[in-house]
Amino acid sequence: MQCHEIQEQFVDLLYDEQGTPSANSELLAHIRSCSSCQKELAALRALRTTLKVWRDEPPLRPVTIAQPVPSRRVFRLPYWNMVRYAAVAALVTLALLGLSNAQIRWDNNGFSFHTSLFSQSPPAANFYTKDEMKAILDRVLDISEESNRQMIQRMMDTQDADRAMELRDITHQIKENRIRN
Amino acid sequence: MIRRFIQGDEQAFTELVRQWETKIFNFAWRYLGNREDAQDVVQETFISVYKSAGSLRDPASFPTWLYRIALNHCRTQWRRRSADISLDDPLQYNEDGSGDLTVPVTAGSSALESVETWELIQKALLRLSEEHRTAIILKEYLGLNLEEIARVMDCPLSTAKSRLYHGLRGVQRNLTKIGIRS
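Taken in sequence, the protein lines are chains A and B. Here our numbering is used: the first residue of the first sequence is 1, the next is one more, and so on. Here our numbering is used: the first residue of the second sequence is 1001, the next is one more, and so on.
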């Protein structure tokens, strides 16, 4: 057996550990008969002693262990991001609709959507102007006043008739009383 | 304590840090040859440990699991450092960043009594390959058995033995070059 073939097995001799194969008899026989290997093994044992000169040192500073920060996720509403994005999308949509003069109508004629972003002509007026509104109100008031006047006249007429009938009855009664007397 | 840590006990984690930080610091210091870098590795290692507690199934395997995490951070730090400093000849690499080639002790056994001897050992270790250096640190300074070394380094037992042997031979050669005969 050549020296270089067995010298890796010196580890088994240097570290005679439980659970690892101990040096076999062939190796031991070779070392007993080989001065070179004896020297090598002795040098390695001495080296192990030399290595122990390098002692442990304490760390430069203790490890800093930051307290774990509670996850922000715990405090979030479920689907918070979706809600947030939906709100932003809704605002953007409303802004676009406003910029495009969008008109959304849902009446007896059904649903209709109209924009005038690119329309050159102004949108058809579907509301009363201030003057028109004033005229309508005046007319309503006039009608109402006339109606009231007629109603009061009718009431007065009715009352006069009633009073006339009452006066006629009284007159008739007085006449009768006079005849009796 | 390790079981409590796996279950998310903050206090158990703090106790584990206090129990293991010195070992991790010295592992990283010997691997990197620089205390500040080693301190960074300690910090990063325990952050990783905290984050990946759920991946540790068997409490008995905690030490090898921890060293493996530390080793990964050491490798990352070493490569980051290598990008900044030429490590073609790590013997020129000092902790203060200077390129001191002089050996402050004379050859012979008296050198071993010098306070700088550990620095020479450090230089001899730094000149090794990462695999050989790791094997020596895990065995000689952290006291792991060969099977544990194989698990930390994720290699067969025979490979761990081979790395350890050749690592020892490498340190021996490097120390001889510097002028120390053990």
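Hints may be right or wrong, so weigh each one.
[Claimed, not checked] Result set (DSS-like, lysine-lysine): computed pairs, CA atoms no more than 25 Å apart in a straight line:
#1 B/LYS1051 x A/LYS39
#2 A/LYS39 x B/LYS1023
#3 A/LYS52 x B/LYS1051
#4 B/LYS1051 x B/LYS1023
#5 A/LYS52 x A/LYS39
By construction, these hints were calculated from the structure, which means they are not laboratory data.
* Identify every previously stated hint that the structure contradicts and give their numbers, smallest first. => 1, 2, 3
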